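Asker: One letter stands for each residue in the lines below.
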Amino acid sequence: MQLTVWTYEGPPHVGAMRVATGMKGLHYVLHAPQGDTYADLLFTMIERRGERPPVTYTTFQARDLGTDTAELFQRAARDAYERFQPQAMIVGASCTAELIQDDPAGLALTMGLPCPIIALDLPSYSHKENWGAAETFYQIVRQLADKDRVAPPKDGRRPRANLLGPTALGFRHRDDIVEVTKLLADLGIDVNITAPMGSTPADIAGLGEADFNVLMYPEIGHEAARWLEKTFGQKYTKTVPIGVGATRAFVAEAAALAGLAMSADPNVDEGRMPWWSRSVDSTYLTGKRVFIFGDATHAIAAARIARDELGFEVVGLGCYNREFGRDIRAAAALYGIEPLITDDYLLVEEAIAAANCELVLGTQMERHIAKRLRLPCAVISAPVHVQDFPARHSPQMGFEGANVIFDTWVHPLVMGLEEHLLTMFRDDFEFSDANGASHLGHGSAPAAHVADVTDSPATEDVAATPEPAPAEGWSVDATRELMKIPFFVRGKAKRNTERYASEKGVAAISVETLYEAKAHYAR
Amino acid sequence: MSVALAPELPVEPPQESLPILRERGQREVFCGLTGIIWLHRKIQDAFFLVVGSRTCAHLLQSAAGVMVFAEPRFGTAIIEERDLAGLADANEELDKVVRQLLARRPEITLLFLVGSCPSEVIKLDLKRAAERLNGTHGGVRILNYSGSGIETTFTQGEDACLAALVPDMRTDAVDQLLIVGSLPDIVEDQFRRLFAEIGIARVETLPPRRAKQLPGVGAGTRFLLAQPFLGDTALALEARGAVHLPAMFPFGAEGTTQWLRAAAAEFGIDAAHFDAVVAPGRERAKKALARHAERLAGKSIFFMPDSQLEVPLARFLNNELGMELIEVGTPYLHRSHLAADLAALPAGVQVSEGQDVDKQLDRVRAARPDLTVCGLGLANPLEREGLSTKWAIELVFSPVHGYEQAGDLAELFARPLVRRDRLTV
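Protein sequences, first through last, are from chains A and B. As numbered in this note's numbering, residues 17 to 539 make up the first sequence, in order. As numbered in this note's numbering, residues 794 to 1218 make up the second sequence, in order.
No lab work stands behind these hints, which were simulated from the structure alone. Because the structure is a prediction, the values reported are computed rather than measured.
Derived contacts from chain A toward chain B, CB cut-off under 10 Å, selection only:
1) P28
2) T53
3) F59
4) M61
5) Y73
6) F76
To list a few chain B residues with every Cβ distance to chain A over 12 Å, as calculated:
7) R921
8) A923
9) A956
10) L1007
11) G1034
12) H1037
13) A1069
14) R1084
Derived pair list, reagent style SDA-like, types lysine to any residue, alpha-carbon separation capped at 25 Å:
15) B:K1152 / A:G41
16) B:K1152 / A:Q103
17) A:K508 / A:T529
18) B:K1152 / A:Q90
19) B:K889 / A:V21
20) B:K916 / A:D84
21) B:K1152 / A:M61
22) A:K304 / A:R320
23) A:K387 / B:R897
24) A:K40 / B:R1158
25) A:K254 / A:D206
26) A:K198 / A:A407
27) B:K1080 / B:V980
28) B:K1152 / A:D95
29) A:K500 / A:E528
The C-beta atom is built at its ideal place from N, Cα and C for all residues, glycine as well.
Construct the complete structure from the given sequences, taking the supplied hints into account.
Answerer: And the structure:
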């Protein structure tokens, strides 16, 4: 048993629902007790879907357990077929139904329903949402892809690719599809089928007619992509086009898989991000310490952007999906840091607090953690929240995605010019740095502890009072000097000085100690 | 001359005029675990540990609608594959989780082990686990109840939780009024002030705000139900000698008056004094309702089953605001507790119990009500079809009982209609 207060991923049948809800003409019959219908609201509320997810729950009760839950399942499956007339059905069990071992798959297969039945075996007590989505998509593809339908000879036609992985309730999947389709179109590549999102079971039959596959979300599409490679010889892209560098690499990879010669066209529109990052206002971004956590694909992409495209320093990198632990370990090695692979948000919170970072890139949970720690934050990954479905086009992938990312990540930080003004005017009698940064809103923070959550109450008071009370171990002069340091780096200066003092065995911190520490930790 | 209030005996609803449609099929209703979301806010030193699956944990965080801002006082001991191998092992695992939890949350004085569908199916005996663990963690009291979807719907979880508290109530024969059912603190305080003015000296609440304030119970205890979903709790209290005071539920000016009156009558309060005490609140409520009645009168409403508050709310909306009832669906109908509200429903109204959601949605589409009360899974799909909806869950989370909230309660139903009128996009 594992004590869990909050979980990054739902159970695997929710992954199956994400696949089914993204598709059209597919229906999911789920053997489940009352209450499991809660999952519908994820789609109708968070994603604001105007249709119910295509799921029928059998809703068995305790009194059914002694009698015939199997019959209940068959009736639900028959009613669902008659009412919704799907092209295909997926059938499976939620966690409780798994325990009563009714074998929904076997039951459905013997019913002679006039559509393909895809049986799902999603072990709830050992697997989670992303795995469930990947397994469901793989089973659908394996069962419905028509092995006789293969890519026709090339003579003169445009190359075509499938886009694999987007589902309902995905982080910006809706908009990423648009961007990737456009990127490919600019290269002269057509999209054959996008799946699961937007496809029907009938579409899935034609997956083999593409020349190659674009694996947009490895967490969901990897199993299916591997099977398609084995069955149809379709290669798939290994680069996820999030960020300018990754998008360039993706374009080269896609062109190679399509058999297109890449011309070095200087007029390719790579968006504004590269110049926005090089322009002088962005100088202040240099070396900002950033902590990154999310699903492995988004976290790894974010780390690359952070270091190579914004000039940040990656001080933390982790993911909640263990299945991709190897990838995150390899990425963390590039940045010389220890990866954090956990689905316990309390451990993530500890790591963020200890990382002394200036920006957090994470999921909605890290957004809450950052709020508690008074750190700027941007969301880069599922699990999603209603805010992650903006009305405007807001992709992560492609060059437009890079533009969106620049804005989204930089906005929470103190603006470059504002940062300088704070330093210049901090001694002005009308200015109190206890007000904190303007963009964080009123009453947001006596920001003395921006980077140091372990500040004692005594030091918090320091920020607001004209004559600071000395912190423990600090001389009055040193405390006064500390207060002259801009608030957004003060926490770090204080912490570094204290660490230096303790390492050197200095009992009372003087102004001298402060500057010795500064020199010691200068980067 | 002073006249003692006569208790108004509830009229049994004439069975033939109230045909009840019973349906079985897919239910779009939460399970009893969901009650934890408001119960953990109400009893501030209690922790709710669900013994269940990842689905249970995901349900709680999703139904709460928001992510946790602080570490909440509920959690899930997620059963894993290796726990399913053997029961002895599962018990040891549970003990370990409880130890971990109580070490991290030393301020907790009451721990509920909450059963779920999987724990019921594998027959993990949480009652025995609670007995075993009691006394091993200092002063922490450990109780259990089931919030499983195979046994409870949505608000029944609170019933199971409160029923589990009853055996822990000390025996006390003192004359007292017990208000049963969790209410927001502000509403509870209003009722306490009213009862004090009415002249009922001793008023207690179940659940208490802190576990240590659990009231006593005995032959002198008379209790009012503040919520219509507390069948098992009422039985448990009656078994301890307490007497239930049947009444309309305290929604709106009339419901609140009748509810207060049931207690006043039992405690022999003078009629004129009672009327004088409740008059200002009752008038304020009527005034607040009048504003919304303009918009709501004559509008039709359809209740999908959700919180078991449907019957008293339908009574309120029909009698006090003039709304037309198309169907009053409820997951479970407690006829005797709801007798007064049922009797006040207009003759021939369709009451339904249980659910086959697809068939019920067909009826909604055919009737095209002005307002449909439903769960969050159905609201946007119905809105997309051009039907205004009211999320049922807001009715259990918001302060809606009593005189001072009568206007707010009406406003919850009026808001979707106001919004529809305002928007031009």
